[in-house]
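Asks: Given next are the chains, with one letter for each unit.
There are 2 protein chains.
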Amino acid sequence: MAAPSTTSSTRERLVEAARELFWLEGFEATSVAEVLEKADANAGSLYHFFGGKEELLLAVLDSYKEMLFRMVIEPAIRDVRDPIQRVFAILEGYRRGLTYTAFTGGCPIGNLALELADHDPEARRRIAENFQGWCGWIQKCLEEAGPRLPSQVDRAALAQFVLAVMEGAVMQARVHGSIAPFDASVAHLWDYFNRLQAEAASAKG
Amino acid sequence: MAAPSTTSSTRERLVEAARELFWLEGFEATSVAEVLEKADANAGSLYHFFGGKEELLLAVLDSYKEMLFRMVIEPAIRDVRDPIQRVFAILEGYRRGLTYTAFTGGCPIGNLALELADHDPEARRRIAENFQGWCGWIQKCLEEAGPRLPSQVDRAALAQFVLAVMEGAVMQARVHGSIAPFDASVAHLWDYFNRLQAEAASAKG
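Respectively, the protein sequence lines represent chains Z and R. Just so it is clear: in the first sequence, position 105 is 105 by this note's numbering, and no numbers are missing. Just so it is clear: in the second sequence, position 79 is 1079 by this note's numbering, and no numbers are missing.
FYI, nobody ran anything at the bench for these hints, they're computed from the structure. Every residue, glycine too, gets a C-beta built ideally from N, C-alpha and C. Some clues are possibly wrong.
To be verified - Here are the simulated DSBU-like cross-link-like pairs (lysine-lysine), alpha carbons at most 35 Å apart as the crow flies:
#  : chain 1 : residue 1 : chain 2 : residue 2
1  : R       : 1065      : R       : 1140
2  : Z       : 65        : Z       : 140
3  : R       : 1140      : Z       : 53
4  : R       : 1065      : R       : 1038
5  : R       : 1038      : R       : 1053
6  : Z       : 38        : Z       : 53
7  : Z       : 38        : R       : 1053
8  : Z       : 204       : R       : 1053
9  : Z       : 204       : Z       : 140
10 : Z       : 65        : Z       : 38
11 : R       : 1038      : Z       : 53
12 : R       : 1053      : R       : 1065
Claimed, not checked - Cβ-to-Cβ under 10 Å is the rule here; a few derived chain Z residues that face chain R:
#  : residue
13 : 135
14 : 136
15 : 174
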């Protein structure tokens, strides 16, 4: 197996450094100089790979899409077989992230969504693709739940509802510096799912 | 009645200009020069009233708290008597805002929450107070619904769930440039409320 070439690893270091800084500091608050310092790279190599900070952002958003399964979905669901439990295991991953980081950071895509949606159509499109990817995994779980959810429930719409709850719950946990609003939101989502399952069970029985 | 003094109206113009720019551009992306230009004020008057952009932000956040009832709650609920319908009328206000602004802007408090929660404890505290104010109004509606919701439902926690759905739904509408994910999320929240009301009705009957 060949070692990664220096050029590709410099590019990767730039994307990784930008990913972390955009996540923790925000896109606008991060300077190119900070990215270069963190990546241990010089301006020449950044402009060799990217037209500038905006293009680096697009690469960061592409990297999130590529990492979604490996970094978010797979670690959450690998020990959970039940498809509905899997939905909540994915939410539990965000809970773990919040408590691990003392309520900083949050969801990197949500942060960039609110910072950039109005100003950068290319970034917005990639943020939308990240949301679609995430919702796609939730929808897959909901489809695997089959008759355990009422047949009339639109699985794609329900997945967007789950994403709304996650993003709004993460936001409140960060603002309050407390996991309580996250837990309150997820508990009500569980309650809703229990009611959906009860209806499906009674329709079958 | 005395006319507003010049000094107080300069201060108000600065807060108003900053409020709009922080909302539409973000805090970090807004320069002091832009605020001054929009407010038709000079640097001297800004530094007369505020220590700098950070203090101006705190004044903006205080102004949102003061405006909540008049600008968000009252226009939404004034023609709606039913307390549960009032919750959804408040959400409908955000829907109207999103479609009116072609999915830009969104919730100003949510935007500042994700941009600033990690970096500015004073701003974070005021953002939390804004969320508490908003949830307080939702909770009041839920309490007024009385026996129409199951007695074991924690009204304060349910209000945080409603806020989570609103913030996550607004975020997705902005990213997708479409009201569909907002409507999908609110439809599921309605479905949840209908199920809660059905349970309360059957427990009574």
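Asks: Compare the structure with the hints numbered earlier in the document and write down the numbers of the violated ones, lowest to highest.
Replies: 3, 8, 14
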